[in-house]
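Engineer: The primary structure of each chain is shown beneath.
2 protein chains.
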Amino acid sequence: MIGRLNHVAIAVPDLEAAVLIYRDTLGARVSAPQDLPEHGVTTVFVELPNTKIELLAPLGDGSPIAAFLQRVPEGGVHHLCFEVNDIAAAAARLTATGARILGDGRPRIGAHGKPVLFLHPKDFVGTLVELEEA
Amino acid sequence: MIGRLNHVAIAVPDLEAAVLIYRDTLGARVSAPQDLPEHGVTTVFVELPNTKIELLAPLGDGSPIAAFLQRVPEGGVHHLCFEVNDIAAAAARLTATGARILGDGRPRIGAHGKPVLFLHPKDFVGTLVELEEA
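Those sequence lines, one after another, are chains A and B. For the first sequence, the working numbering gives the first residue as 1, with consecutive numbering after it. For the second sequence, the working numbering gives the first residue as 1, with consecutive numbering after it.
Take the hints with a grain of salt, since some may be wrong.
Any copy, or any two copies together, can satisfy a pair, since identical chains are not distinguished.
List of simulated lysine to any residue pairs, SDA-like, C-alpha gap at most 20 angstroms [to be verified]: (1) LYS52 with ARG100; (2) LYS52 with PRO115; (3) LYS122 with GLY27; (4) LYS52 with THR25; (5) LYS122 with VAL19; (6) LYS114 with THR25; (7) LYS52 with ALA134; (8) LYS122 with LEU20; (9) LYS122 with PRO13; (10) LYS52 with GLY3; (11) LYS122 with ALA17.
No lab work stands behind these hints: they were computed from the structure.
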């Protein structure tokens, strides 16, 4: 069912500092920051030859990554995003196995304009998993 | 400097349970387990079209992932491994920036037979980073 690893998302307390680390210290190609106020984050993509790292910093009140950064103030891997061909079929298959989809259990439009769903970390060996329709 | 994301390593307390989740629930192709007693881990690779997830379970006493699993008993992302063309050049560049290489600061032969080094999470926004000579 799962296909490509679309991205690894890393929550960071200081986006400029994280950009310096990935661009200057590690020598990777890094996109311009993009504010996504409706999703409560500012994002920067580290563009690797085979996948992306998404640096996520909180934006505004009630950011979905604020609680994570309170728990892990220095930042860290927040979620892994895998591509699927058919998000509705993926949701049905996962629900049938007893895996918990976060929210109301239905795919919604994610930060990058595609249908996504998030799976409960306790059902996926401690990892928050995002599925995105490719 | 960094190239492909070679793998995302996830430390897991129960390798069989993690294999069931990735193989059966998420429908990915999963390798046979491999014991690496000299590295204190048993590994399984989840083979994705563009990269790999490495599931790591502790093996024997003094496993390098034992402390992580004491802190995070349900498991979680342990490190990200990026490829570099020249590990000695990477080590020199990183040391010049003040980034800390774990251990004695020199590349060593990693679990998959290639020269690797690990970078201090506090210098890389909370993420343990492995560099592997491709």
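Engineer: My question is about LYS52 and GLY3: at a cut-off of 20 angstroms on alpha-carbon distance, are they close within one copy, between copies, both, or neither?
Structural biologist: So LYS52 and GLY3 pass the 20 angstroms test inside a copy (15 angstroms) and across (11 angstroms) alike.
Engineer: When Cα atoms must be at most 20 angstroms apart, do LYS52 and ALA134 count as within-copy, between-copy, both, or neither?
Structural biologist: Answer is both; intra-copy 14 angstroms and inter-copy 18 angstroms each pass.
Engineer: Reference check for the pair LYS114 and THR25, CA-CA at most 20 angstroms: within, between, both, or neither?
Structural biologist: Neither, since 32 angstroms and 22 angstroms both go past 20 angstroms.
Engineer: Within, between, both or neither: how does the pair LYS52, PRO115 come out at a Cα-Cα threshold of 20 angstroms?
Structural biologist: Only inside one copy: LYS52 and PRO115 sit 18 angstroms apart there, 24 angstroms across copies, limit 20 angstroms.
Engineer: Since the copies are identical, ignore which copy is meant and state whether LYS122 and GLY27 lie within 20 angstroms (CA to CA) inside a copy, between copies, both or neither.
Structural biologist: Classified as between; 18 angstroms across copies, 35 angstroms inside a copy.
Engineer: At most 20 angstroms between C-alpha atoms: does LYS122 with ALA17 qualify within a copy, between copies, both, or neither?
Structural biologist: between (31 angstroms within a copy, 12 angstroms between copies)
Engineer: Is it within, between, both or neither when you check LYS122 against LEU20 at 20 angstroms Cα-Cα?
Structural biologist: For LYS122 and LEU20, only the inter-copy Cα distance (14 angstroms) is at most 20 angstroms; the intra-copy one is 33 angstroms.
Engineer: Regarding LYS52 and THR25, is the shortest C-alpha distance of 20 angstroms or less found within a copy, between copies, in both, or in neither?
Structural biologist: within (17 angstroms within a copy, 24 angstroms between copies)
Engineer: State whether the alpha carbon distance between LYS52 and ARG100 is at most 20 angstroms within one copy, between copies, both, or neither.
Structural biologist: neither (26 angstroms within a copy, 24 angstroms between copies)
Engineer: Given identical chains, is LYS122 near PRO13, meaning Cα to Cα at most 20 angstroms, within a copy, between copies, both, or neither?
Structural biologist: between (24 angstroms within a copy, 13 angstroms between copies)
Engineer: With 20 angstroms as the alpha-carbon cut-off, assign the pair LYS122 and VAL19 to within, between, both or neither.
Structural biologist: The answer is between: 15 angstroms across copies meets 20 angstroms, while 30 angstroms in one copy does not.
In this structure, the earlier hints numbered 1, 6 are contradicted, and the remaining ones agree with it.
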